[in-house]
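K.L.:
Put the complex together from the two separate chains, hints included.
Residue numbers (this note's numbering), protein chains in the order written: chain Y, 1 to 303; chain H, 1 to 252.
Hints may contain errors.
Unchecked claim - Derived coverage of chain H by chain Y (criterion: at least 3 residues anywhere in the stretch with Cβ under 8 angstroms from a Cβ of chain Y; other residues may be distant): (1) 47 to 54; (2) 82 to 94; (3) 100 to 114; (4) 133 to 140; (5) 191 to 199.
What the hints assert, rightly or not - Straight line, CA to CA, 20 angstroms or less: simulated PhoX-like cross-link-like pairs of lysine-lysine: (6) H:Lys120 <-> Y:Lys84; (7) Y:Lys183 <-> H:Lys120; (8) H:Lys182 <-> Y:Lys168; (9) Y:Lys113 <-> Y:Lys234.
I should point out that these hints are in silico values taken from the structure, not numbers from a laboratory.
Glycine residues also receive a C-beta, built at the ideal position from the N, C-alpha and C atoms.
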Amino acid sequence: MNELHLPSGYTITGRWSGKKFIIIQIIGRGGIGEVYRAYNPEQKEEVAVKIGRNLSSMTKEYECLKMLKGISAVPEVYCLDDCKIQNKTFYFFSMEFIKGQNLKFLMANYNFKLKEALYMTLLVAALLNRLHSFGYVYCDLKPENVVYNRENRQIKLIDFGGIVEKGKGVKEFTPCFDRASWKMGSRWADEKYDVFSLTMFLYVLLNGKSVLPGDKNKLVTMINGLKKATPQTKELLKKGFFQKYNDTTEFFCDLKRLINKQSRKSVLKKKANGDMVLNMVFLFSLVLTSVFFVMALKKLGMI
Amino acid sequence: MHILKQYGYPKAEEVLIVEKDFEVKQIVLVTDGHSNTGGDPCAAAANAEKNGVIVNAIGIASPNSKGIEEVEQIALAGGGCHQIVELEELASSMIMLTQSSIQGTIEGIVNKQLRQIMGKDIENIPPNDRCQIIDLIDRLQDEVNLKVVILIDTSGSMADKLLVAKESILSLFKSLETRKGKNLIAVMGFPGRNGRTSYTISGFTDDLESLKQNLEGLRAEGATPTALAIRDSLNFISDEPKGGLLLKEQII
Numbered sequence: 001m002n003e004l005h006l007p008s009g010y011t012i013t014g015r016w017s018g019k020k021f022i023i024i025q026i027i028g029r030g031g032i033g034e035v036y037r038a039y040n041p042e043q044k045e046e047v048a049v050k051i052g053r054n055l056s057s058m059t060k061e062y063e064c065l066k067m068l069k070g071i072s073a074v075p076e077v078y079c080l081d082d083c084k085i086q087n088k089t090f091y092f093f094s095m096e097f098i099k100g101q102n103l104k105f106l107m108a109n110y111n112f113k114l115k116e117a118l119y120m121t122l123l124v125a126a127l128l129n130r131l132h133s134f135g136y137v138y139c140d141l142k143p144e145n146v147v148y149n150r151e152n153r154q155i156k157l158i159d160f161g162g163i164v165e166k167g168k169g170v171k172e173f174t175p176c177f178d179r180a181s182w183k184m185g186s187r188w189a190d191e192k193y194d195v196f197s198l199t200m201f202l203y204v205l206l207n208g209k210s211v212l213p214g215d216k217n218k219l220v221t222m223i224n225g226l227k228k229a230t231p232q233t234k235e236l237l238k239k240g241f242f243q244k245y246n247d248t249t250e251f252f253c254d255l256k257r258l259i260n261k262q263s264r265k266s267v268l269k270k271k272a273n274g275d276m277v278l279n280m281v282f283l284f285s286l287v288l289t290s291v292f293f294v295m296a297l298k299k300l301g302m303i
Numbered sequence: 001m002h003i004l005k006q007y008g009y010p011k012a013e014e015v016l017i018v019e020k021d022f023e024v025k026q027i028v029l030v031t032d033g034h035s036n037t038g039g040d041p042c043a044a045a046a047n048a049e050k051n052g053v054i055v056n057a058i059g060i061a062s063p064n065s066k067g068i069e070e071v072e073q074i075a076l077a078g079g080g081c082h083q084i085v086e087l088e089e090l091a092s093s094m095i096m097l098t099q100s101s102i103q104g105t106i107e108g109i110v111n112k113q114l115r116q117i118m119g120k121d122i123e124n125i126p127p128n129d130r131c132q133i134i135d136l137i138d139r140l141q142d143e144v145n146l147k148v149v150i151l152i153d154t155s156g157s158m159a160d161k162l163l164v165a166k167e168s169i170l171s172l173f174k175s176l177e178t179r180k181g182k183n184l185i186a187v188m189g190f191p192g193r194n195g196r197t198s199y200t201i202s203g204f205t206d207d208l209e210s211l212k213q214n215l216e217g218l219r220a221e222g223a224t225p226t227a228l229a230i231r232d233s234l235n236f237i238s239d240e241p242k243g244g245l246l247l248k249e250q251i252i
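Okay, chain H solo, but in the shape it has when bound (with noise of 0.2 angstroms):
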């Protein structure tokens, strides 16, 4: 990395060095139509933004989805991405979501970094220089602990999906597993029953045997209040539900 040593530092690595027990911290919501009930889920996703937490969306297309596009705007707020797909690619799609969050935390914290350090960020570093700085954000995305709430719409119009969306989440699972970082994944449903908003289908997990038990609950009933739902698992994925940013850099 020869930019870096004219910069007097050798390596790379010494340069870059991420706090180890930082996490990850993410919401993927799955849905096929838009909120009807609860607020804006864009504000919702904003203010899960704001703490710390990235907001994905995932939007199912089906011939009678309305409003899906609403996901697009939600992803956009929650500083995540967000895809219209098809049923049968919601586990690729769940895959894809994650692990690209992942990088996007990854990517934004060595930038900072580099900003500081360099005065500039990656992508004005020549593409032929980026090699070791490349290497190191991939080694990071592969040792970052992950927490990830999957927030999966159960009202009525899921119900033929759910046996679907249960199969992509196991499949999200041997995914995570191979990253030599710690996963805990939940899930979470909306609507929750008795005039709930939401309820918890599985609690933080790295189990796969205890997560394909509580999948078991996963039930399609009710309205879809979108907005109020991602309130409900930022304030489950949070430690401290009113902030404290959970991403933290540190130069050495």
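Bound conformation, chain Y alone (with noise of 0.2 angstroms):
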């Protein structure tokens, strides 16, 4: 509805801050409006620009990220302006161009480990806590709206169109991420409805891909068919998935506890790795030696 489809070098000038963007390429699309990236002349800088139809949403988004402004995990915004293309007026605002790749981008062309995966959603169950901390709940967590850079080894939330207060009608939502397209909840945005999605994201991370929603049942199964998930790991997501948690902060901590005991587990199968090969190689040196000394007896004369 309403795509623009700007095309590379055009310009689009702010109606009341006089600012230019020059459009470089299109870097998403969703619900309310496109982002792009785009080139601010004036401060020689790389921004994204989002862009749309609905003035509401727009500035209520704006708002909310200079509210959250100093998380370091979401994207700082610059300016809100209003601009006019073929007649039309739209609304936009700059903010940080983020560098990286999503998520989604990201698994369809690597296969996540278990750590990884278990880290990546330990490290957004942390964002979300500390979203939640400011009164908000984010509700439109999926792969495609976490960017991982790999240079600072960094996460950011994009996307902050869905955001909104705790005990608030959820605004904006994807079936599989959804806990009432699941028949596990309502729409309301608490917590718990952050949790279901968290949830669902590490299981999809695991999985490789996104699933249509179902029942309960589906869950089950689901979950019970990963292949590269423990037993612990399923519990993990059992109760995540049936609403077990009552805020992040308890999913965080049990995640947490499970990524230690998994990360002393390894290190204790390298360090009895390591003991048998040291006792090899000496028991294979004693032996030598032994040999060795046989045979300087015999030549000796010895025996």
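P.N.:
The structure is reproduced here in structure tokens:
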């Protein structure tokens, strides 16, 4: 609906600020607008520009991002303005251009290991927890909305079009990550709503692709069918899907415990392996020495 | 809101008042093809709009759906929005269109009042001064009463899509139930049986269980008389079939 398809090189000029942005390419298309990579000749920097027809949602997203300024995983916003394109008014804001790849893209080209998926989910859990402490529920968590930067190994959340205050209704959702589509709860935005999406996020990272919503039984079958997951991970997924965690903090703690346990286990395993090698070397050298000793004695004619 | 202050209004809320018991009325048409009998659906949609009922239209794309572009014309005439979607996106689309029509209606009312008070609408207020008005629009959008008819094409070609359609209607209900305002949802199918143009699957209700039960009656057969069906649902949604504008606004 109202897709813009701005060509590269197209310049949009802010009606109020007079700021110019030269479009480089489209980087995303969502429910309320499109996001472009663009160049700001005045500041000589690359930015992202989100543009759409809906004045309310564009303004609210901008205001919300401004409020969350300072959280490292939230993009910084710069200016809110309007522009005319083909005689229609569009609303836009510019924000920090985020380098990296979104996890959906990454997933298509890379198979997440269990450890990586768990760690990625832990980072997102911490971030959601932060948003919750500000009184917001993110609502639209999915791999597409998480960008991973290989250079500094950081993640950022993009697209805050669905964020709402706690206790309001969910505005934007993707059926696979929406607990109501799975008949696992309402569309009231509470912390548990994000916990469900977060659990599905982990599942999708492990599964390699998203799924169509079904019912409780489908969730159980999905968990059981996961080859990569350990029994503990399956337990975590089950608790997450069945809304056993009251908030992201509980989920976070459980997940952290799981990760610690697993890394401890692998360290112990390595240590055990190492010991075995050492023993072998020691034994081998012992045998060698004794053979050498016997040979030396023979040569000396003592035997 | 310093602009309103300049004009002597300390708070936007004091000047922007929408009558409490008004309701937004809309029809959401769901079809997978074009109308092939019974007149021009655009004219029917235009008539609905004239009577204060917004017509939104969703086209379900499928390999054998012809003339699905018609939904754009219908929505345009009906003052609503349209979308052409895959079957899996039907629920999201229904929710999106319903919500944005409510928003559009409220924005229209607020803008009208702003023009009267300040001589300009929200578009012509600088972006950083819009917040308070937007908060108000947001609140009204949440509080306003809603009456919506889902008008669903149950002609033969829809047979394999009705299960998803049913789930989508229930999903719409789940989204609407988070609003503060009262929501009444009705479901109509077209074509009707025994020569009728349409039939009521579920009368207006705000109860999930009865909606669920009524939706069991959703079955597919017959041709696609879109125009007559829009006319029928207009009669159904309007208390007084001939007009009576439903949105009143007032400045205090």
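K.L.:
If a hint holds in the structure, say so; if it doesn't, say that too.
P.N.:
Hints versus structure:
Evaluation of the coverage hint for the segment 47 to 54 of chain H: breached, as 0 residues show C-beta separations to chain Y shorter than 8 angstroms, against a requirement of three. For the segment 82 to 94 of chain H, the stated coverage by chain Y holds: 5 residues have a C-beta nearer than 8 angstroms to a C-beta of that chain, and at least 3 were required. Check result for the segment 100 to 114 of chain H against chain Y: holds, 3 residues qualifying (beta carbon to beta carbon below 8 angstroms, three or more required). Counting residues of the segment 133 to 140 of chain H whose C-beta lies closer than 8 angstroms to any C-beta of chain Y gives 3; at least three are required, and the coverage claim holds.
Coverage of the segment 191 to 199 of chain H by chain Y is violated [criterion: at least 3 residues with CB-CB distance below 8 angstroms; count 0]. A hinted pair counts as satisfied when its Cα atoms are at most 20 angstroms apart, and H:Lys120 with Y:Lys84 qualifies at roughly 17 angstroms. With a C-alpha separation of about 46 angstroms, the suggested pairing of Y:Lys183 with H:Lys120 is violated against the 20 angstroms cut-off. Under the criterion of a C-alpha separation no larger than 20 angstroms, the hint pairing H:Lys182 with Y:Lys168 is consistent with the structure, at around 15 angstroms.
Our distance criterion of 20 angstroms between C-alpha atoms is met by Y:Lys113 and Y:Lys234, whose separation comes to about 15 angstroms.
Of the numbered hints listed earlier, those contradicted by the structure are 1, 5 and 7.
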